[in-house]
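As given, the protein sequences belong to chains A and B, one line each in that order.
Read in the working numbering, the first sequence has 59 at position 59, and its numbers run on one by one without any break.
Read in the working numbering, the second sequence has 123 at position 123, and its numbers run on one by one without any break.
Since the hints were made in silico from the structure, they are not lab data.
A portion of the hints provided could be inaccurate.
[Said to hold, decoys possible] Label-pair ranges, simulated between beta-carbon atoms:
{"no.": "1", "chain 1": "B", "residue 1": "167", "chain 2": "A", "residue 2": "101", "range": "24 to 34 Å"}
{"no.": "2", "chain 1": "B", "residue 1": "278", "chain 2": "A", "residue 2": "104", "range": "15 to 25 Å"}
{"no.": "3", "chain 1": "A", "residue 1": "90", "chain 2": "B", "residue 2": "327", "range": "24 to 34 Å"}
{"no.": "4", "chain 1": "A", "residue 1": "98", "chain 2": "B", "residue 2": "260", "range": "58 to 68 Å"}
[To be verified] Listed below are several chain B residues computed to face chain A (Cβ distance under 10 Å; list not exhaustive):
{"no.": "5", "residue": "123"}
{"no.": "6", "residue": "178"}
{"no.": "7", "residue": "284"}
{"no.": "8", "residue": "288"}
[Claimed, not checked] Sample of chain A residues facing chain B (criterion: CB under 7 Å; computed from the structure):
{"no.": "9", "residue": "36"}
{"no.": "10", "residue": "39"}
{"no.": "11", "residue": "130"}
{"no.": "12", "residue": "132"}
{"no.": "13", "residue": "169"}
Cβ atoms here follow ideal geometry from the backbone N, Cα and C, with glycine treated the same way.
The chain contents come next:
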Amino acid sequence: MSEKKTKRRDFLFTATTAVGAVGAAAVVWPMIDQMNPDASVKALASTEVDVSSLTPGNTLTVLWRGKPVFIRRRTQEEIDEARAVKMEELIHPEKDEDRAKNPEWLVMLGVCTHLGCVPLNDKGDYNGWFCPCHGSHYDTSGRIRKGPAPWNMEVPKYEFVNANTIKIG
Amino acid sequence: MSDHDYRPKSKVGQWFNDRLPLLTLANHLTDYPTPKNLNYWWTFGGILTFCLITQIVTGLTLAMHYIAHADMAFESVEHIMRDVNYGWLIRYIHANGASMFFLAVYIHIFRSLFYGSYKSPREIIWILGIIIYLLMMAAAFMGYVLPWGQMSFWGATVITNLFSAIPLVGEGIVTWLWGGYSVDNPTLTRFFTLHYLIPFLILGLVVLHIWALHVPGNNNPVGIDIKKPSKDTVPFHPYIVIKDGFALLMFMIVFAFFVFYAPNILGHADNYIEANPMVTPAHIVPEWYLLPFYAILRSVPDKLLGVVAMLSAILILAVLPWLDTSKIRSAVFRPLYKQFYWILVADVLILGYVGAMPAEGLYLLIARVATAYYFLHFLVILPVLGFKEKTLPMPLSITEPVLGGSPNLAAARNKESKIE
């Protein structure tokens, strides 16, 4: 065993290990990927919601992909309050104009960005939402203002199919 | 150890033992020399084995009636409670058994902390124990999800969301854990599978834990190395078996009290409401045994750092043998450590209490102070104490202080009276 020269046996050893590792990885990946969302889960990608009965100052909560979505028809006061906020006061700066294209309608995932609880309507120090789990306060634009949550509540992809119907997803 | 010389008496026994030395193992376990001064805090290993077997047996029987499906899980648990013969009993034993398991494991861990059982040469026993403890927490958490009540669902949501704190890949990991875009049926079925698997992993680790224990042998209240076998030891059977058995009986009285008189007192009423993804309960709390860590999580105002602090609080235990620099094992001979030990016990109890309270105002302040002290104890006090502390003189053997002539007679006597 004194010779250090690469031999035919060393080559075989390395090649076998390499092929074995690739083979093992090829078997492990399906085992891991089977846990990702399956085709039937992905198929439930969009929901249409009739919002004709919603009056200003009220919120409709619908389920989309297993998560609640808040559809808030905001009052003029709420809109003014949300738009008057200066960017430097925000933890996660986002303009209300970007979050609610049609200022009367705020559509967002009703999921606290801290650990996923559903915040409560018309609660908290900023007249918006309050998460009961760990005390995050959101404003009338669903932006995080106080508490442990790192981001504003997420605005999903949505569009008005017609004046009374919102399609989420 | 001398048990390698063991030879069964009967011909059949010899024939069998030459082919599979099970009788040698049995002989090792019965004759295993044990320090003769072990007190009742040492009986919790046996009690924990009992707890594990209880959970496995009741869990297997529950699995015969439970249905792991988001639409049927809640009803199937009610079916177990109302229709299945003795279903209520089996479920209450299993649910309270989890609490009893944690009660025993906390006593077992704090016994190690007091008597320095984690120190050389027992580090591997200790680390195996920490891995078992982590698996216990995973099993308990997933088991709590299975009834698919409100606390199940929202507990699962909050705990799995902890992973979303990881930068970049966090969200992907959470989706992968859920098998969807929220906690739902795919999450339930995989949790059931893992909840079924983990107890058997724990069982395997318990075998390693005991194996590793039998290499150096038990630590003891005096914390000195002893010769085995010697005047300082007694055989495991019958001495320790009887003592463990008696302690187990006492433990089972407490266990039975909860099962028969207060089966729901350790649970949460909200878990008798079926899971509803649209409504979060007003006040989410984990089971009592996870509260100290929950308090640590909530005491940090930053999401990622909160998760890091909580995990560190557990993992710091794994490196404890190297953080504690003192050569002396038992707190009996460490007057300062003994005081810090009791402060730590109080600190953990306080964390548990504030973990159950809303995270605001004074509770939040207390949680922050207690969290800071928890880390201070392990990262500063323990390393420094090993160099600064003036320890008491150690006896040469377990027998010596009892027979007199020890410079340390008072300390040993004092300790003896505390055990009783």
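Inset, instruction - Starting from the hint list further up, note which numbers the structure goes against and sort them upward. - result: Hints 3, 5, 8, 10, 11, 13 contradicted; others consistent.
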